[in-house]
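Q: Sequence:
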Amino acid sequence: MTAEVRRIAVPSSVRALSTLPRIDYCDAFLFDVGSHRDESAVDLIRDVLEGAPLTVRTQLLSGWSTIGLKVGSGSGHSVLGWDVRRAVPDHVLLGAESRIGMPGELLLKKEVGALLFATFVAQRNLIARAVWTVTEPVHVRVVRDVLAQAGQRLRA
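Using the working numbering, the letters of the sequence shown correspond one by one to residues 4 to 159.
Derived by calculation from the structure, the hints in this document are not laboratory data.
Cβ atoms here follow ideal geometry from the backbone N, Cα and C, with glycine treated the same way.
A portion of the hints provided could be inaccurate.
[What the hints assert, rightly or not] Quick list of the computed label-pair ranges, beta carbon to beta carbon: (1) D41 to N128: 42 to 48 angstroms; (2) G79 to V143: 17 to 23 angstroms; (3) V91 to G54: 29 to 35 angstroms; (4) R102 to Q155: 32 to 38 angstroms; (5) G104 to G54: 17 to 23 angstroms; (6) T136 to P92: 20 to 26 angstroms; (7) T136 to G79: 32 to 38 angstroms; (8) N128 to P56: 33 to 39 angstroms; (9) L57 to R25: 34 to 40 angstroms; (10) R10 to G54: 18 to 24 angstroms; (11) I11 to T58: 25 to 31 angstroms; (12) V115 to S68: 21 to 27 angstroms.
Construct all of the structure, not just a fragment, from the sequences and the given hints.
A: What follows is the structure in structure tokens.
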């Protein structure tokens with residue numbers, strides 16, 4: 004059974020959690036993870052990203068690097084190369100700087116019976132805008148797939 008992933012309008016309260024000075028693109032998705040989850044938001048984002056199959060993790064890291072994101076090799080303060088910018092029990096904010104002027108953030112927020120996953124992107128120049136124009140449809144498809152797989156793992 005595939006977990007349902009729904010794209011939703013980004014709530015202003017969620018957008019306000021970003022630390023980017025300017026947001027040129029944002030999206031949000033809700034996905035079902037069962038009745039309730041006791042894990043912290045940072046543990047859940049680790050399950051979503053680092054719990055993905057090796058081939059998926061490799062493709063994510065390769066894709067992020069290709070679009071200029073500076074993702075690291077990982078440490079206690081990162082999740083699949085993204086720096087942990089804020090971690091509180093109900094949400095976690097990850098961030099990555101950019102070699103081309105397109106920094107991004109990923110947010111995971113606990114909701115009742117679901118998780119909200121949001122992406123925030125700044126586009127500081129024409130190159131960044133052009134890259135994101137090509138990247139956006141792939142990004143949306145990949146996010147849906149990763150979240151659907153994570154939803155299945157978390158509900159198991």
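Q: Compare the structure with each hint and give your call.
A: Okay, the hints, checked on the actual structure:
Taking 42 to 48 angstroms as the suggested C-beta distance range, the pair D41 and N128 conforms, at roughly 43 angstroms. Between G79 and V143 the beta carbon distance is about 31 angstroms. The supplied range of 17 to 23 angstroms is therefore violated. For V91 paired with G54, a C-beta distance near 21 angstroms fails the hint of 29 to 35 angstroms. Taken as a hint, the range 32 to 38 angstroms holds for the pair R102 and Q155, whose Cβ atoms sit roughly 34 angstroms apart.
Range check, G104 to G54: about 31 angstroms between beta-carbon atoms, so the 17 to 23 angstroms window is missed. Between T136 and P92 the C-beta distance comes to about 37 angstroms, which lies outside the given range of 20 to 26 angstroms. Checked against the hint of 32 to 38 angstroms, the pair T136 and G79 passes, with Cβ atoms roughly 36 angstroms apart. Remark: the range hint 33 to 39 angstroms for N128 to P56 is upheld by a beta-carbon distance near 35 angstroms.
Taking the beta carbon of each, L57 and R25 are about 35 angstroms apart, inside 34 to 40 angstroms as hinted. In this structure the supplied range 18 to 24 angstroms holds for R10 paired with G54, their Cβ-Cβ distance being about 22 angstroms. Separation of I11 from T58 is about 28 angstroms and conforms to the stated range, judged on CB atoms against 25 to 31 angstroms. The hint said 21 to 27 angstroms for the Cβ distance between V115 and S68, and at roughly 36 angstroms that hint is violated.
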